[in-house]
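Colleague: Sequence:
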Amino acid sequence: MLAHTLKIRGWGPFRTQYPWQTNMLDYAKVANDQTGVIALIEHPDAIRALDAILSVDGLSGAIAAPFDLSVNMGFNDGPGHKEVQQAIQTISQKIKSRGFELTSFAVTPAQAVEAMRLGATNLFLGFDPMYIHASLQLFMTNVAAIANTDSRSD
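Residue 90 in full-length UniProt numbering sits at position 90 of the sequence shown, and the numbers go up by one each step.
Simulated from the structure, these hints should not be mistaken for lab results. Ideal Cβ positions, reconstructed from N, Cα and C, are used throughout, including at glycine. One or more of the hints may lead you astray.
To be verified - FRET-style restraints, in silico, Cβ to Cβ:
| # | residue 1 | residue 2 | range |
| --- | --- | --- | --- |
| 1 | Leu-125 | Gln-93 | 16 to 26 Å |
| 2 | Thr-141 | Ser-55 | 43 to 53 Å |
| 3 | His-81 | Ser-151 | 43 to 53 Å |
| 4 | Glu-83 | Val-113 | 14 to 24 Å |
| 5 | Thr-121 | Gly-78 | 20 to 30 Å |
| 6 | Asn-32 | Arg-98 | 18 to 28 Å |
Given these sequences and hints, build the entire structure.
Modeller: Rendered as structure tokens:
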């Protein structure tokens, strides 16, 4: 049985309470009802067992994990290969056919468009290190632009 079904989870409300402007105890009262279990489909064996996985009592949904899946399919350079894309489409179709919302990773605009074409209603748009790196690049580009403007006015 899944931890979600049993209402068992870690505590950890120290950061999660703030976006909902509540205190730790009130957060804990509602968090269990709003916590779900999503299976990551990241191996060809999981695709073969997908019907059984999607039948697990208490499961909230599933998502194809394209980067892990591509590596486990023998493509270390990412999920752009036809075989991986076909596997993701198969996974997506089965998830939707079971009535789950389709969630997809989309770290580029092209991936977001493709995910929405397949019917995704939820998108994971990246990972913290990716955003931190992009933010630092943008910040430093702006610093350089200001520094260049200031040096010309001297």
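Colleague: State for each hint whether it applies.
Modeller: Status of each hint after checking the structure:
1. Checked against the given bound of 16 to 26 Å, the beta carbons of Leu-125 and Gln-93, roughly 23 Å apart, stay inside it.
2. The hinted window of 43 to 53 Å between Thr-141 and Ser-55 holds, with their beta carbons roughly 50 Å apart.
3. In this structure the hint that His-81 and Ser-151 lie 43 to 53 Å apart at CB holds, the actual value being about 47 Å.
4. In this structure the supplied range 14 to 24 Å holds for Glu-83 paired with Val-113, their Cβ-Cβ distance being about 21 Å.
5. At about 24 Å, the CB distance of Thr-121 to Gly-78 agrees with the hint of 20 to 30 Å.
6. Judged by the Cβ atoms, the range 18 to 28 Å given for Asn-32 and Arg-98 holds: they are separated by roughly 24 Å.
Of the numbered hints stated above, none is contradicted by the structure.
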